[in-house]
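Heads up: the sequence lines are chains A and B, in that order. The opening position of the first sequence corresponds to residue 409 in our numbering, with each subsequent residue numbered one higher. The opening position of the second sequence corresponds to residue 5 in our numbering, with each subsequent residue numbered one higher.
Derived by calculation from the structure, the hints in this document are not laboratory data. Glycine residues also receive a C-beta, built at the ideal position from the N, C-alpha and C atoms. Please note: incorrect hints may appear among the correct ones.
Example chain B residues on the side facing chain A (calculated, C-beta under 10 Å, incomplete) [unchecked claim]:
(1) Glu48
(2) Ile57
(3) Ile76
(4) Tyr82
(5) Gly122
(6) Asp131
(7) Ala135
Derived DSS-like pairs: lysine-lysine, alpha-carbon spacing no greater than 27 Å straight-line [said to hold, decoys possible]:
(8) A/Lys452 x A/Lys510
(9) A/Lys429 x B/Lys22
(10) A/Lys553 x B/Lys157
(11) A/Lys452 x A/Lys429
(12) A/Lys478 x A/Lys452
(13) B/Lys157 x B/Lys22
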Amino acid sequence: LGSCRVPISMAEIRAGFNTIKANIQARDPIKTLSILSYPHSLHKLKSSDRCCITHHLFNFYVDKVFKHCKTEDSYVNRKISSIANSFLSVRRSLQQCHEQNKCLCGQESTEKLRQILVNYQGLNVTSAAIKSLGELDILLDWMEKS
Amino acid sequence: DALLSPPQNISILSTNMKHFLTWSPVIVQGETVKYSVEFQGEYEREYANETWIPISECSLTTATECNITEDISATVAYSLRVRAEVGARSSEWGTLQGFFNRITTSLTPPLMKVIADGYHLLVELEDLGPAFQFCVLYWKKGQERRVQQKVVKEVSSVVHLDTMEAGADYCVKAQTYIEAINRSSSFSQTQCVRAQGGTSMWLV
Chain A
409 LGSCRVPISM
419 AEIRAGFNTI
429 KANIQARDPI
439 KTLSILSYPH
449 SLHKLKSSDR
459 CCITHHLFNF
469 YVDKVFKHCK
479 TEDSYVNRKI
489 SSIANSFLSV
499 RRSLQQCHEQ
509 NKCLCGQEST
519 EKLRQILVNY
529 QGLNVTSAAI
539 KSLGELDILL
549 DWMEKS
Chain B
5 DALLSPPQNI
15 SILSTNMKHF
25 LTWSPVIVQG
35 ETVKYSVEFQ
45 GEYEREYANE
55 TWIPISECSL
65 TTATECNITE
75 DISATVAYSL
85 RVRAEVGARS
95 SEWGTLQGFF
105 NRITTSLTPP
115 LMKVIADGYH
125 LLVELEDLGP
135 AFQFCVLYWK
145 KGQERRVQQK
155 VVKEVSSVVH
165 LDTMEAGADY
175 CVKAQTYIEA
185 INRSSSFSQT
195 QCVRAQGGTS
205 MWLV
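Bound-form chain B, shown alone (with noise of 0.2 Å):
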């Protein structure tokens, strides 16, 4: 039997705080290739002997990519390796380049979308988990000094962001911030939204 080998390409996709291995295909004529992988925390690497914990959703998977966001759970450097199995016999680990810290991981500015129901104006937010605030701005057009400011913790349906003046324009944008982390996205787009009522003209 001809040697199995690793895994190459290990890399990580990490965006908004879900981190993904990925890894290319080993590719043997006729056979099932099968993959396992596993992680090792700091904590592992200084109080426990290096010990690797075993990933079982990703054991003997086909997949050639494995969701280890719940076990990346902590702001420290994690080490991640992932072998090939066909059948008993298995390949060395190929292990990822370096450490993965979620601190890192690529942050994008959250969809949003904002409405003008009658005077009031609401923002829905995308809803990314628990990890995440948003800070909300909004101002009156043509008021850009006076912008207002508003944390969101949790994310509800909607968000209440002010009572508008009739036919008035009001702009939004929203960021998102992570604070196991420490870290925000970038602003959105801003939208802009006008309240009902304004003008209206009296026919004498």
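One chain only, chain A, in its complex shape (with noise of 0.2 Å):
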């Protein structure tokens, strides 16, 4: 991520997501809203800010998303727990290239990261959760790509 280098195992993480990903997004009947891509997609955002938005929507999943996931089946929530000690373990490390400032947000990005708030103010708080769960994908794909 740029100057800062974390190690993240995105292939667990992944891994982990893709067994319980149908499931959450069955669960998320709002299909015409995206949280992470509306107005824009994340691959619009430059290369540079990578790292601080990495770190911004780690703390966003980690903080707001994750916590308000619970469902009733003990598999997908032992899924869930998987995903966000993995998020909480990379997001120390993000957060040490923050404190260190290899990890500043341009303009453009803190608009955007301020329009995924926005978007997820939007909706009641579990239905929140459960759609940003679900757009995982988008935020794995655009750190992979990107």
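Take the two lone chains, each set in its own frame, and fit them into one complex as the hints suggest.
Put into structure tokens, the structure is as follows:
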């Protein structure tokens, strides 16, 4: 992520998410709205801001999303726990980069992160959390492609 | 009904990123004692009101061990607990002393088989799962200063290392590397093989 080197077990996170993706996305009735991609895709952002965006999005998922995703399905809950603990581990490394000023945000990214929060707060908390979790592959794809 | 005592001697056996929780059996005369296991990651402790998550494969099991590998899938500190159950009765939870972080797993040198297939130096590596990469070192005997290295990220059946000089001896050793915890095993024993061919006697 630019000058910020963070060990991320993408394969593990992706594998965990893939096992519950269909289950989670089926719980999201609002197909016409995206939290991460509205109005613009993450791919439009400058690659120099990758560290900052990743840092803030991992904070978003750890602080706001995962805790509101509990389901009646024990297996799904276990997988959400796996992803949440992986995000927590990565976030710690990102936090160190942030503190060393290697993870600075440009204006465009700051606006994008603000828009994501607006999208999130536009829904009730459980719907917003489930939708955000269902969009995890959007984040993972962006992290792997950019 | 006497109180059911909680399981004792709760410990973790973790080798090559395979993690098992084990405990001593609880003995109740004339009864079949079953056990249930739960885990709690750092996320649950800090952000989810210290909730515990049951492991369904180890709910009401008669075994005194539980494969927790699939749930220990992040490099953070996990708490683990197990209780005994007989019918409707449950013991208190027995909790693992301290936390378990997979970064402490013990790593063994990989099993490997070195093959001289004509002039081709090949190696077969133990498949330890997707988390494992291998660092393979190989050299021509007598040229220990010119060691070559090959990183194997995915274990296929056989790995081609080099094309050998006729009749020469080549040696190989390997270690595993796990990116998720950024650790390597020690090297395996060195194995040497000889390429086919070499000095042939011409009868005149």
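Taking the hints in turn, this is what the structure says about them:
| no. | hint | result |
| --- | --- | --- |
| 1 | Glu48 | holds (7 Å) |
| 2 | Ile57 | holds (5 Å) |
| 3 | Ile76 | holds (9 Å) |
| 4 | Tyr82 | holds (8 Å) |
| 5 | Gly122 | violated (36 Å) |
| 6 | Asp131 | violated (16 Å) |
| 7 | Ala135 | holds (8 Å) |
| 8 | A/Lys452 x A/Lys510 | holds (21 Å) |
| 9 | A/Lys429 x B/Lys22 | holds (25 Å) |
| 10 | A/Lys553 x B/Lys157 | holds (20 Å) |
| 11 | A/Lys452 x A/Lys429 | holds (25 Å) |
| 12 | A/Lys478 x A/Lys452 | violated (32 Å) |
| 13 | B/Lys157 x B/Lys22 | holds (19 Å) |
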